[in-house]
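Going down the list, the sequences are from chains A and B.
The C-terminal residue of the first sequence carries number 375 in our numbering, and the numbering is unbroken.
The C-terminal residue of the second sequence carries number 375 in our numbering, and the numbering is unbroken.
Just so you know, the hints here were simulated from the structure itself, not pulled from any lab data.
Note that the coordinates shown come from a computational prediction; the quantities given were computed from them, not determined experimentally.
A virtual CB, placed ideally from N, CA and C, is assigned to each residue, including glycine.
Treat the hints with care, since some could be wrong.
Far from chain A by the CB rule (all over 12 angstroms, computed), these chain B residues [unchecked claim]:
hint, residue
1, Asn84
2, Glu139
3, Gly176
4, Ala210
5, Leu276
6, Glu339
Calculated pairs, BS3-like style, for lysine-lysine (alpha carbon to alpha carbon, straight line, at most 25 angstroms) [to be verified]:
hint, chain 1, residue 1, chain 2, residue 2
7, A, Lys174, A, Lys214
8, A, Lys81, A, Lys239
9, A, Lys214, B, Lys78
10, B, Lys78, B, Lys214
11, B, Lys174, A, Lys362
12, A, Lys114, A, Lys239
2 protein chains.
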Amino acid sequence: MKSLKSLNYGIVGLGIMGGSFAKAIRLNILSQNGSTGKILACNRSTACLSQARAEGIVDETFESSRVREMLPECDVLFVCLYPHATLDFLRDNRDFFKPGAIVTDISGVKGIFEEKLPEILRPDVDFIIGHPMAGGEKEGYANSRAEFFVNHNYILCAQPFNKEDDLELMRALIRDMGFTRITETTCDIHDYKIGFTSQLCHVIASALVQSAESPDITAFGGGSFEDLTRIAMINAPLWSELFISNKEKLVAHIENFERAMDEFKRAIRDGDDDALRRILSDTREKRLAMGAIRTIVKN
Amino acid sequence: MKSLKSLNYGIVGLGIMGGSFAKAIRLNILSQNGSTGKILACNRSTACLSQARAEGIVDETFESSRVREMLPECDVLFVCLYPHATLDFLRDNRDFFKPGAIVTDISGVKGIFEEKLPEILRPDVDFIIGHPMAGGEKEGYANSRAEFFVNHNYILCAQPFNKEDDLELMRALIRDMGFTRITETTCDIHDYKIGFTSQLCHVIASALVQSAESPDITAFGGGSFEDLTRIAMINAPLWSELFISNKEKLVAHIENFERAMDEFKRAIRDGDDDALRRILSDTREKRLAMGAIRTIVKN
């Protein structure tokens, strides 16, 4: 396997995710003795490029119009754009990637990648489908941090065309950036599971905010409402794209959830204390089991 | 107004709430120079009583069977029991409260108090209906803290029979324990608002856990699912009682929420990007407005 500290890393889209990749690579990989690698970044607006260069996080920066000068230098390229914009970027720039490069994405939906990649990519460029499971309601390079990924999950959806050496390198890179657990699965399972843990949760949080009668509701808050609606400070264009790109699976999850809500509603309306206690006890057990699993894997 | 540091405080039920009351009063009121007041506590199991006495948090402790020896000494009594158990306690012990005492509760439903109190209480005992808006999935005295209430809300539902001097004393006590905002309202409005911010959120979190297919789902978690289901580690008997005691209002909130979910589901199923972006942008604005209000009131 090539040494991570001798590679050139490219970041397309220097927002909270791209910025955190750059900072984690700078801190954990390219600050080691004998490092020869560089970080190159491209972004539509240029303010964050100047800032990242001034901070010593990235070595070279490129305005969007000059990205084709950057691509041939990058051994590993993170494309940190919205899902369809990522596919468009790969298509538009297919002739400019470095031969042998690893290219990867951060998209929250994967089925469209499995479907479109074969017709887009060159055989000498290895695209690894990945999803860093970290995010926040605060966007932009200004909110990126080297520690942003620590203790978080990363999902890889390896394809038959991926080279094992490249996957090994990607896993090592992910671990060095601070992620704790790498889950390898198919695009289909990814979209099904993420449709539940991420997209369904964002729909629920948003529907809860929409069903509030007035903003003064927080005078009556003890923390629950705040917890459930933190993620409702939502980036509308991104999440609309994610929801619609995964709509069959997401709608199935919404309907499962609605059935569970109806079971609670029925027991409450009927004043059925026995049924409610039973289902709430079961809920507590299930939730505790989930928490425990996460902790065990972390250690 | 009497001086808070010369009063005797009684706690019935020394769990996370009762224990935090005792610790906050000890730290913020009875540690001042010239304090002459005491804290007395009664609890069904006695382990926490010994611990609280050993820690110097409470001065005198009473097993449940001896509560009638404690009550005549208490100027301010916090009854930290489940809602119906609180009413039963008041009824069973009506002859033993100190004349002129302030008695208060922590129940998450208030309509039943407004309804039952007039027939239960003596005219020389002032019951102030209150709701400290703090809680946690970790229960018991072991998890109580003096700082537990800092920056939290307290709701008071004053009744026509309450004496203004007693309400003033209660407000001062609440502030001294660390609560930031006191909202005064009716029992009916309390139950409606809490049905939304607290009970509906607990139903949603529980239904979300119930709709998970397997506990390994957290391998695909990026924080959203964890945020939304922290409160699903739920105390079944307590929450069943709260839900059923407020069932008309809670079911109305569930149905409002279900209508909001359906609006999202329809837009997602139809792939209606315009509608989704519009409703998600509106959600973000609404949620930001709620956050801002909370922060402003805090300062």
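Handout entry: Hint numbers not upheld by this structure, sorted from lowest to highest
Key = Of the numbered hints, 4, 5, 6, 7, 9, 10 and 11 do not hold.
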